[in-house]
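Residues 1 to 388, numbered by our numbering, are exactly what the sequence shown covers, in order.
Be a bit skeptical, because a hint or two may be false.
Said to hold, decoys possible - Capping the alpha-carbon separation at 25 Å, the derived lysine to aspartate or glutamate pairs in DMTMM-like fashion look like this:
hint: 1; residue 1: Lys-83; residue 2: Asp-11
hint: 2; residue 1: Lys-83; residue 2: Glu-31
hint: 3; residue 1: Lys-83; residue 2: Asp-218
What the hints assert, rightly or not - Have a look at the derived ranges for each label pair, beta carbon to beta carbon:
hint: 4; residue 1: Glu-196; residue 2: Pro-165; range: 11 to 21 Å
hint: 5; residue 1: Leu-78; residue 2: Met-373; range: 17 to 27 Å
hint: 6; residue 1: Pro-164; residue 2: Pro-388; range: 44 to 54 Å
hint: 7; residue 1: Val-132; residue 2: Ile-379; range: 15 to 25 Å
hint: 8; residue 1: Pro-36; residue 2: Ala-183; range: 19 to 29 Å
hint: 9; residue 1: Asn-238; residue 2: Ser-283; range: 15 to 25 Å
hint: 10; residue 1: Ala-380; residue 2: Pro-332; range: 16 to 26 Å
hint: 11; residue 1: Ala-46; residue 2: Pro-162; range: 33 to 43 Å
hint: 12; residue 1: Asn-127; residue 2: Val-157; range: 12 to 22 Å
hint: 13; residue 1: Pro-165; residue 2: Val-38; range: 22 to 32 Å
hint: 14; residue 1: Arg-351; residue 2: Ala-53; range: 40 to 50 Å
hint: 15; residue 1: Pro-162; residue 2: Asn-330; range: 43 to 53 Å
hint: 16; residue 1: Pro-129; residue 2: Pro-162; range: 18 to 28 Å
hint: 17; residue 1: Pro-36; residue 2: Met-373; range: 41 to 51 Å
Derived by calculation from the structure, the hints in this document are not laboratory data.
Note that this is a predicted model, so its numbers are computed, not measured.
Ideal Cβ placement from N, Cα and C applies to all residues, glycine included.
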Amino acid sequence: WGQFGVGHDIDPGVVANMGIVGIGISDDWAEVEPSPGVYDWSTLDAKIAEAKAAGFQYLSLAVTDSSSQTPQWLLDSLPPDQKVALIDPASSHDTFCQPILTVLPWNPTFHQARLDLIAAMGARYTNDPAIVAVNMASFANHNTQDWNIQDTVGTIVCPRCPQPPPTLCGTIVVDQPAQWLAAGWTEPTMLEIGKEMCDAAAAAFPNQNIKLPIGGLDITYPDFSGGTFTTLCRDIENYVYGNALLGIPPRPYSRRFYMQRNTVDANWGDGTVYDTYIPGFDSVRYINYMIRAHAHPNPPWTTPRQAGLQMVGAATLGPTTGCRQGGGPNGPCGPTCDPVCVMQASLDVARTYNAAFIEIWAQDDVNPAFYDMIRAATIAMGGTPRAP
């Protein structure tokens, strides 16, 4: 899978990459719903038409309804105690070191607006056979449709002072889980929001597969995390897919949901290790286990379900991002993070998880040095490259 790219025109480099068979198309909630209940689908419609004309076999659709993309009219309509300002700690984001005014996900007005968006989007797009997947069940998201709740505890090293507002500068100490708890966060409350989002997405898109982003939460405060790094993640997994040991039946739509993690790098580790090894619930590696277990189940599970993976960064950027996609300077491609080495190693490790698809960053979609290896990976996964 590749990305449509920035703006309204698909990048010719993506079109030339015949190993990319699917394309992700998205717009932001603030753009799609400029006023309450009024939806502007023109950007999505134009991108869908262009992707089809370019010959892409599969389309994945999303409207980013994260806290950083909340429509201004909705933000303005809510009282101050229903919002919390959280500093973005991710240096890869345009909003790095900016306080993002975040609506509490459990606020009834905000939550209903998200449910209404999902329903309206489904009414418009579910009957398009080219759209095979949607990313509209994400409920623990801040900047994108991936799992990325703001939960930093410690220091954020912001750019040197001075900086133009709203960017902050210098070293800032934060405790974001404490901010959430003070605002009323509980794990059961967030789980209920997640359940309703999954149900709404399944109802709105009966003809599509639906992404279920997964991840963990900081464990400094048990009341925030629910007890372990993966409590909230495992609870929503149990709700969607069921858990026979706990007497939880699967939801009727469970086979259409696919788990996805967005942190694959060249140093992630072979997925087959999780056929015999189960990390503890507090381990970051438990998320890797969940992906492998869904895509390549062992007894008593016998029927493969769906799972997807996304690269954590762009191999093309090399050492300019601290070898992020290479798994750091001690990754398999060394401190130089040679892009060709990093991309090949990343594809190789991702394929060991038996995922249904691998999502690649836009910079790598258009890099001709990667075309052949991406095509080979598509074939190895059982896919058919697009014809020239």
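>> Tell me if the beta carbons of Pro-164 and Pro-388 are separated by a distance inside 44 to 54 Å.
In response: 47 Å, holds
> So the hint says 11 to 21 Å: do the beta-carbon atoms of Glu-196 and Pro-165 match that?
Replying inline: 36 Å, violated
> Should the hint that Asn-127 and Val-157 are 12 to 22 Å apart at their CB atoms be regarded as holding?
Replying inline: For Asn-127 and Val-157 the Cβ distance comes to about 49 Å; the hint is violated.
> If you draw a straight line from the CA of Lys-83 to the CA of Glu-31, is it 25 Å or shorter?
Replying inline: 21 Å, holds
>> Looking only at beta-carbon atoms, does the pair Pro-129, Pro-162 fall within the given range of 18 to 28 Å?
In response: Violated - the Cβ-Cβ distance for Pro-129 and Pro-162, about 54 Å, lies outside 18 to 28 Å.
>> Given a hint of 22 to 32 Å, does the C-beta separation of Pro-165 and Val-38 actually sit inside it?
In response: Given a distance of about 30 Å, which is inside 22 to 32 Å, the answer is holds.
> How does the Cβ-Cβ distance of Ala-46 and Pro-162 compare with 33 to 43 Å: does it lie in that range?
Replying inline: 40 Å, holds
>> Range first: 41 to 51 Å. Now tell me if the beta carbons of Pro-36 and Met-373 are that far apart.
In response: 47 Å, holds
> Is 15 to 25 Å a correct range for the gap between the Cβ atoms of Val-132 and Ile-379?
Replying inline: 19 Å, holds
> Honestly, do Leu-78 and Met-373 meet the 17 to 27 Å range at C-beta?
Replying inline: 48 Å, violated
> Cβ-Cβ distance between Asn-238 and Ser-283: within 15 to 25 Å?
Replying inline: Check passed, 18 Å falls within 15 to 25 Å.
>> Would the hint linking Lys-83 and Asp-218 be met if the CA-CA limit is 25 Å?
In response: Given pair Lys-83, Asp-218 holds - Cα atoms ~20 Å apart, limit 25 Å.
In the structure shown, a violation is registered for the earlier hints numbered 1, 4, 5, 12, 14, 15 and 16, in ascending order.
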